[in-house]
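Visitor: In case you want the letters, here they are:
Number of protein chains: 2
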Amino acid sequence: MRRYLFLTALAVFFSWTLIAQTLLSPNGNQKLTFELQNGKALYSLEYKGKSVIKPSLLGFEIKNQPSLADGFSVTKTEQSTFDETWEPVWGEEKTIRNHYNEMAVTLTQASTGRVLLVRFRLFDEGLGFRYEFPSQAKLAHFVISDELTQFAMTGDHKAFWIAGDYDTQEYDYTESRLSEIRGLMEKAVTANLAQLPFSNTGVQTSLQMKTDEGLYINLHEAALINYSTMHLNLDDKNFIFQSWLTPGANGEKVYLQTPAKTPWRTIIVSDDARDILASRMTYNLNDPSKIEDTSWIKPMKYVGVWWEMITGKSSWAYTDEFPAVEIGVTDFSKAKPNGKHGANTANVKRHIDFAAKHGFDGVLVEGWNVGWEDWFGNSKDFVFDFLTPYPDFDLEGIRDYAKSKGVQMIMHHETSSSVRNYERHMDRAYQFMNEHGYPAVKSGYVGSILPRGDNHYSQWIVNHYQYAIEKAAEYKIMVNAHEAVRPTGIARTWPNLIANESARGTEYQAFGGSKANHVTVLPFTRQLGGPMDYTPGIFEMDISKINPNNNSWVNSTIANQLALYVTMYSPLQMAADLPEHYERFSDAFQFIKDVAIDWEISKYLEAEPGYYLTIARKAKGTGEWFVGNVNGYEKRNSTIGFDFLEAGKTYVATIYADAADAHFRNNPQAYTIRKVVVTSKSKLSQASAPGGGYAISIREASKEETKGLKKL
Amino acid sequence: MRRYLFLTALAVFFSWTLIAQTLLSPNGNQKLTFELQNGKALYSLEYKGKSVIKPSLLGFEIKNQPSLADGFSVTKTEQSTFDETWEPVWGEEKTIRNHYNEMAVTLTQASTGRVLLVRFRLFDEGLGFRYEFPSQAKLAHFVISDELTQFAMTGDHKAFWIAGDYDTQEYDYTESRLSEIRGLMEKAVTANLAQLPFSNTGVQTSLQMKTDEGLYINLHEAALINYSTMHLNLDDKNFIFQSWLTPGANGEKVYLQTPAKTPWRTIIVSDDARDILASRMTYNLNDPSKIEDTSWIKPMKYVGVWWEMITGKSSWAYTDEFPAVEIGVTDFSKAKPNGKHGANTANVKRHIDFAAKHGFDGVLVEGWNVGWEDWFGNSKDFVFDFLTPYPDFDLEGIRDYAKSKGVQMIMHHETSSSVRNYERHMDRAYQFMNEHGYPAVKSGYVGSILPRGDNHYSQWIVNHYQYAIEKAAEYKIMVNAHEAVRPTGIARTWPNLIANESARGTEYQAFGGSKANHVTVLPFTRQLGGPMDYTPGIFEMDISKINPNNNSWVNSTIANQLALYVTMYSPLQMAADLPEHYERFSDAFQFIKDVAIDWEISKYLEAEPGYYLTIARKAKGTGEWFVGNVNGYEKRNSTIGFDFLEAGKTYVATIYADAADAHFRNNPQAYTIRKVVVTSKSKLSQASAPGGGYAISIREASKEETKGLKKL
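Heads up: the sequence lines are chains A and B, in that order.
If you're matching positions, the first sequence starts at 1 in full-length UniProt numbering and goes up one per residue.
If you're matching positions, the second sequence starts at 1 in full-length UniProt numbering and goes up one per residue.
Calculated from the structure, these hints are not laboratory results.
Some clues are possibly wrong.
Repeated chains share a single entry, so a pair holds when one copy, or any two copies, can fit it.
Stated by the list, open to error - With a Cα cut of at most 25 Å, we get these calculated DMTMM-like pairs of lysine to aspartate or glutamate: (1) 63 with 374; (2) 336 with 608; (3) 290 with 385; (4) 675 with 594; (5) 471 with 427; (6) 471 with 381; (7) 138 with 83; (8) 471 with 385; (9) 471 with 435; (10) 48 with 646.
Next comes chain A alone, as it looks inside the complex (with noise of 0.2 Å):
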């Protein structure tokens, strides 16, 4: 990530005193123009002519001190352009390009005499702006009570929204105008106690909307470092959104001291979803990677001892027999097994001998170590110790197993949000890693904050997942945290970070079900800072079939599974279901096996947030591609083209599409395999059930293999 491979660094000052000033993207598509009146700072944003974003003011409520939102003059302005390329350790793409121009205004209030920076950057697909407070004798150290941040909308446009929430972003979304979010955010909120909305109007980032006049336009943050985690407010009145920054345990907002700046407060616009898709503002918003040896930072494809224990089959616990366990005096060898403790060593070898037999580098199994019993709910402090097996785990054993079978175990740390005992604990849980060889760590933050009274989202509790990131990248661990805060493009900086919960994951489709058109929205929301760790690949939608006292549905068909693996891009791409429904369908698993998880070029073939989008991938190294369309409510029929292929060559494709018969609800497992043959120039027009979808895998291919097959 650190090799650039082609840099240039055009930098153009200019210095004035002018009160608007605008700004123009490298091809011109975007400008921002930046302005004062009556002495407050305000920019506004167009595409191609049309207003994307109103004159919206910008500034702070400082606690103890005047407000930092009016009284400004400018005292001077930078202009400059920068054009890199970097090559990510992990990605959609091989190479990433990183060109903009920029605008760094400085902003004096004469009555104070503080001194506030603004930075734009504008891209060809939008606009990152931040915050910088440089240092200052008059600003020291301070409070931010409230980020004033306006997105002042043009409309009453369409959203793809879920609440806001300090705690949780694991929502459904909900498709609606502007103007609906208000009446219709108390049925967005899900029976889940952890949903606990702050206002009527608040939603979370990233934000997808569509305009009528049929503009994409994303908002969210980038590089959301010792900061707290942005939501906004709307005023719908008006449609003026209003940053709003999680608090801490009483009731601040963020502490700084000078020099500090914001994250990046990001808006990608384009009048084609693909390329919201496309866009990698968010990360090139981040600093280049401050891991210098990044060798050890490998993708990884996994199955798990999860599912069972999710549908509620097998229990995390190994015994019901205490009321309260205290770690490191109850004596779990005497006790009681509850008889259906997943992680026991025989369960675990079956799902080594099953990665090993189908090329799978990793197995994770959690509810391995003792605490299970009363972990959740409870606000208990000394929750887990992340080194003590439960007696049915033979640690070493199994890792002795493993290494046998050339798979590596992937570690699992719940925390139950208990952070104070996570941090104490780190070190030798990371020494412990290192001792046994696990590359990788599943780490876990249900439940309500250890220190009571704080948030998931807020400065605090940000600076504690960034702790466990660096923390863990000194001992060579990659790190998969779920429940953590919402990815904003941090892992270009620190690429150990390989994947990211932080949404509503396949764990819903057995809590209840999640929506069936979910997986169309998340690419254009929850990915844009990070890969997902969603966990697809569920073939058995009948709940109930693997424990009766569940009835839940999985809303998506096999194919539609099948899909995900391309359209949900993770380094870290788990088979999530039980091995035995991959057994019986074996074909559809083929194509799990066979599916890249890095890739050196992304094609986004097809986009509607909410409706469709296709999505095509070379994989890095073997030349092979991969296709994945995944539909919502509505069967459609999904038309692309194969000109990413090199001309001239050609291919063996094998497409996985639903069957003319199957839906979500009443017939997920219909599903066709065909092979065929495909060049640059051919197309495919290909029916997707509602809640469905369509995966190919193509490779180059010798006449030969060709006989007998159809050509697309």
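Using the hints provided, position chain B relative to the given structure of chain A.
Guide: Relative to the frame of chain A, chain B by itself:
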């Protein structure tokens, strides 16, 4: 501490369901009555037939559950006797007898099925009792909203009190009737931003009272582990105190899981004030040492680079250049020094020389590490790294120089109450101490707690102090924690906690001055739970002579300062004044050089809280005795005998006393030193000035040494 010299444990068990039961102390002076009245549990205490505690309620409010305060029946009662003698690692005596009668009452609340046990231990000097919550399905994890323990006084006693406060005990004591507390509260709070009373009748423990009948009653707690610090709130119509627990950031008091136990609530009572000082009940109610090898725990007498900063002559900070410091980023090597940095190499070496010359064990240096420029009042998270010295502090050079002089360096870890930051750096900081040979650390918790919103005395932060002590023990490090919670005898269990501040120390004599009788109260209050690093030994009372901008006056005479080395017991004793002041009064300084810091026997000769106390102690090993007398506001004649000396032996006593016209306010440096011959039959009548006192060193002498000396 783990060797029991003598151990008798007679356990006699009874079981019945009577609703009132009494227990006598081993000598029969104390009588506890436990009774049930309409399902409510009450206890009361008598001393020599006089009521001390009237029937007082027991119980709890539990969050989201019915009260655990009524509807009780007694389902089991057990009585037993315990008698052991144990040997502390350091202390006021070589051996401590732990002798009590015990009654454990099991209470069952029929309406909920919950069970609560109250364990009473009745010593000859008072009562300790605690609540125990046995493991039970109906009370597994729970939150104490309020502890309802009452201490119903028999009248409007006199009390020595400091205001209830969640964050500091650094108050002067107020002497008043209980009924006067409300009216005096405002005045009791000095101009110190950290002082914030929670109630107009709230006071802290340990609380020393005296009845009109001449009974001395002390309320405190023992073994404060994983619980919130108890204050007392007074119903001043009925003179009933109720426990007032310190809340955490979210307002809740205590999070527990069963089995659990509270700290002991203690009532020490006697008709002789000396018995309060002689009580070891607080230690006895704590568990035996958990440190196996205690050979590395050694009392220390030390000097330091400290008083010069406290008085404002020099500074902790190295430079005045930076409005804000970023640890690891700010470059101090190029900063302009402020010219008054105390912790510079030359000054430290001067102190090492002084320590070596006069036989001190150690040198404390504050302000050695970067971060002091903006450490206070900024709610700064990453405020210190505990590793990086300022450019003018040659860590290795100083370390080697000290070693060559046979002096040990004492580490200083000011945390600025940024507790998470300290825990993140603690392992490395302790390792660093091991690497450089620092045997002890003075830690500090000045300012508001981080995590923000929490309090110094909440369960969460109490757990931090404990974590720091136990982690230090792993590294064989002694801890002297300042601004931490006041001690409750846990040094029995963790004898590496060699001292605390946790009260108004000598530093306040340079912050405007403390009351002249302050040191006649502390041994009855603060000192009951463990030694105080009071930092005595101030010889120059006019602080403006050190710093012309500081008009503070030390309200004490030199003789009083010397006596503190005896009366304020601590295994860690500082000679706090500047070396030049000791050189000026080298004859008085001799006592500080001579006085022991670890004791075989202590004899409490005279005592009246707020007025005077006289203590004689025999040094461990040498056979020398030292006597200290401190006096309150009125000039007083102290009359003591020397029958603690071995009969038939002749000793030389050096008496350091106030001159006839000495006075803490206008003539503090007037003292006399005389040598006399004493035997076990000698008597001394010695005047002590207002705010004065005397100190005596006594050693066995040959006949030749006694020649020409007057016999007392």
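Visitor: If a hint holds in the structure, say so; if it does not, say that too.
Guide: Hint by hint, here is what the structure shows:
no.: 1; hint: 63 with 374; verdict: between (40 Å within a copy, 18 Å between copies)
no.: 2; hint: 336 with 608; verdict: neither (54 Å within a copy, 60 Å between copies)
no.: 3; hint: 290 with 385; verdict: between (29 Å within a copy, 21 Å between copies)
no.: 4; hint: 675 with 594; verdict: within (14 Å within a copy, 97 Å between copies)
no.: 5; hint: 471 with 427; verdict: both (8 Å within a copy, 14 Å between copies)
no.: 6; hint: 471 with 381; verdict: both (21 Å within a copy, 17 Å between copies)
no.: 7; hint: 138 with 83; verdict: neither (36 Å within a copy, 65 Å between copies)
no.: 8; hint: 471 with 385; verdict: both (17 Å within a copy, 16 Å between copies)
no.: 9; hint: 471 with 435; verdict: both (16 Å within a copy, 23 Å between copies)
no.: 10; hint: 48 with 646; verdict: neither (33 Å within a copy, 103 Å between copies)
In summary, the structure is inconsistent with hints 2, 7 and 10 from the numbered list given earlier, while agreeing with the others.
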